[in-house]
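Engineer: In order, the protein sequence lines correspond to chains A and B.
Mapping of the first sequence onto this note's numbering: residues 1 to 673, in sequence order.
Mapping of the second sequence onto this note's numbering: residues 674 to 807, in sequence order.
One or more hints might be untrue.
To be verified - With a cut-off of at most 30 Å between alpha-carbon atoms, the simulated DSSO-like pairs for lysine-lysine come out as follows: (1) 740(B) / 576(A); (2) 679(B) / 272(A); (3) 272(A) / 339(A).
To be verified - Here are some chain B residues pointing at chain A (derived, C-beta under 10 Å): (4) 734; (5) 735; (6) 745.
Said to hold, decoys possible - Here chain A is said to cover these stretches of chain B; the calculated rule only asks that three of the stretch's residues, wherever they fall, bring their Cβ under 8 Å from a Cβ of chain A: (7) 675-684; (8) 702-708; (9) 762-770.
Honestly, the hints are just simulated from the structure, not real lab data.
Just so it is clear, CB atoms sit at the ideal spot from N, CA and C, and this is done for glycine as well.
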Amino acid sequence: MTLLGHLSLWLAFLVGLWGAVTGFAGGLQGRTDLQRSARHAVFAMFGALALASICLETAIFRHDFNVEYVAAYTSRNLPTFYLWSALYAGQKGSLLFWATVLSLFAALAQLLTSGRHRAYLPFVAAVTCVVATFFVTVMLFAANPFERLAFTPVDGRGMNPQLQNPGMVFHPPMLYLGYISITIPFAFAIAALLSKKLEVDWLVAVRKWTLVSWLFLAIGLLLGMWWAYVELGWGGYWAWDPVENAALLPWLTMTAFLHSVMIQEKRGMLKKWNLALIIASFLLSIFGTFITRSGVIASVHSFTQSQVGYFFLFFLIFAAVGSFTLYATRLPLLEADAKLESMVSREASFLFNNLLLIGVAFAVLWGTLLPILTEWIVGVKYTVAAPWFNDVIVPIGLALLLLTGIGPLVAWRRASIPNLRRQFAVPATAGLFVLLIVLVAGMRDLYAILAIAFGGFVTGTVVQEFGRGAGARHRQYGEPLALAALRLIGRNRRRYGGYIVHIGIVLLFIAFSGMAFKTETQATLRPGESATLRSPYGHLYTFTHLGISQYDALNRRVTAALVDVSRDGKAVGRLKTEKRQHVDALGRNTFEPSTEVGIKSGLREDLYVVLGGLVNGTEQAVYRFTINPLVWWVWFGGYVLVAGGLIVLWPGGGSPAVRRTQPGYAVKLEAER
Amino acid sequence: MNAGTKFAMGAVLIVGSVGYLMASGIKETGQYFLTPSELAQRASADPSFYNLGLKVGARVVPGTVEKETATQTLRFHITDGTVSYPVVFRGLPPDTFTDSVEVVVEGRLQKDGIIHATDVLAKCGSRYEAVPKA
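Extracted from the complex, chain A is given alone in its bound form (with noise of 0.2 Å):
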């Protein structure tokens, strides 16, 4: 089985670089029979690496220890769940399985594009066919799933127990999903700059796409919080460590194209900016994949150090290179048809959106490569953490969420004083109703009412345009509001949609400025034994030990503490929380001891409780005790602001931007086709 994936992997590498060759060629000679050749090469390398990814699966199922990646990441006990997910567990498999679903995505690519941008086709192959080959030779040159070892042993070492969580099975797809799709984007961008035809036509083309890989990222993202914080024990679900860091900066960058998109598409304005945001996302998302896998960066998270990390410093310096030499020679190209005429104006808020959003990246990419920075500049590393990004994030995030509110309510091109009377009055309204409220309560953390109050507005805003729309239809064609409410999101999904993906922000907002408010607490308690935290909405809990279990399950020995758990006196459930040391098949550890959290999750707030240890065997044991207030919201946040994605990406119907071109406007979107 592994000769034939290696051979798979020599075939998609020679399958790619014919497809690369072609590609360029045909589409800038326009031959045909070599376009044709470069679109068989892509579905040709979809096939030998697919071929690649069950020749690996295969190993790991028969449990083929010879296999050195079979070896190091599963073993005979290991769950059937958790074999699937060893496919891309560790670094060599992770390639593979990367490589694979890009070989995918640029067959759909092909396969779904629709006729009238089909002349970017050949040059999409190409780029695709590139990044694509560039994995298969990280593969072949440096981290070869199929190597096998001089002998074969007994049993694998097994999956690391922090990865044996649900959210650890769908997470890195996810990412990795939003990381790949990226490409597709870039390769259509790349191909609008190679053959000069840089109109609307290829936003329209990549605007779907760029919107799948938001979404992954977006999807990969929450998980990746859920996971860390039901599985690292910690306390928290976001660190800003330099891995998380990594996805969230092609995420805003795409956050930013997906809104200044709109303002080509109506005022023909933004090009080059537009193509620069997807040049960077492409680039910040194999800058991520370099930083994973480097080392380069100290971060819990990362891979080995290895020299694949070598491989994509190479590769990122090659694609900038390449993508902004040729980005430079076409300028001249990419003049905007129109000019902003007013700061009042819904261009103008779009283009603050993006210089905001843009200033959060940057300000990540900064804190993140500090250490580095310092390293080469001054001799010593000098580093950043969660204090300084809160310090410098917080501030942009509010006021990118009063953006939120403000954009959808001001007119294009130049908004009348009466017009925003009108349009500001409910929502304005709203946001000091819930300000006061939030006064009212006793709130004093500043950025936390912001928050709130500033949620308030966004939501103000949005139900103003559903209620407007519905009762629109409601007047009309006599349809129950809610009704039109529904057929609203249909005819219009995109704005609708992304009405709703504002909400889910406002969410995420408002549940994040809960966590100023968590309290905690450390207690070494014997049986029967109770220590007491009081949450922030003046509740005291008391937290009982009742006493200690050990038993051993299918791949560990696990040894669980019970708590009981009162508010006010009043017994409101009961808690566990583990200790797992995971062992092999033959009953010997393997790696440290793992912890489960005990989480009891709310509306208002989560009980989150870890066990530290126990004192010399006894039954008394160390617990760290943490009300974590609103992490429901974040969940929920992430779920409609998920749902909301995929109502703007649903495909069919939706809003064309031709059709909502309006008179008068500069872009004549019909004219230029």
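Dock chain B against chain A, hints included.
Structural biologist: What follows is chain B alone, placed relative to chain A:
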């Protein structure tokens, strides 16, 4: 004044405030990230490195870890091969902490020559090969 100029002023304002936030934050919350050797060298040359919040990246010296579960106190030595420092930490160490891992210790070096840690991050270079967490 046309809209473009006004927008440019707004942009300068935004870029300026982002820059200001970043710069002022670095002074307040930035920390040195040193190896034990670098720390020893700097501390002997400049006494202000004592009782200064910083991070030290090093390896735990095998056999030096003492855990007092009852008081949740952890004592161990860290080294980069040439200089070693004793560390004391009150709190729960991460699951990956053992007596042979690479750690990042966040805390202050006191005049008694002990690093009083406020946080310990562990990373197992040989076996912890996690998928990226986000």
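Engineer: If you test the structure against every hint from before, which numbers come out violated?
Structural biologist: Per hint list: 4, 5 violated.
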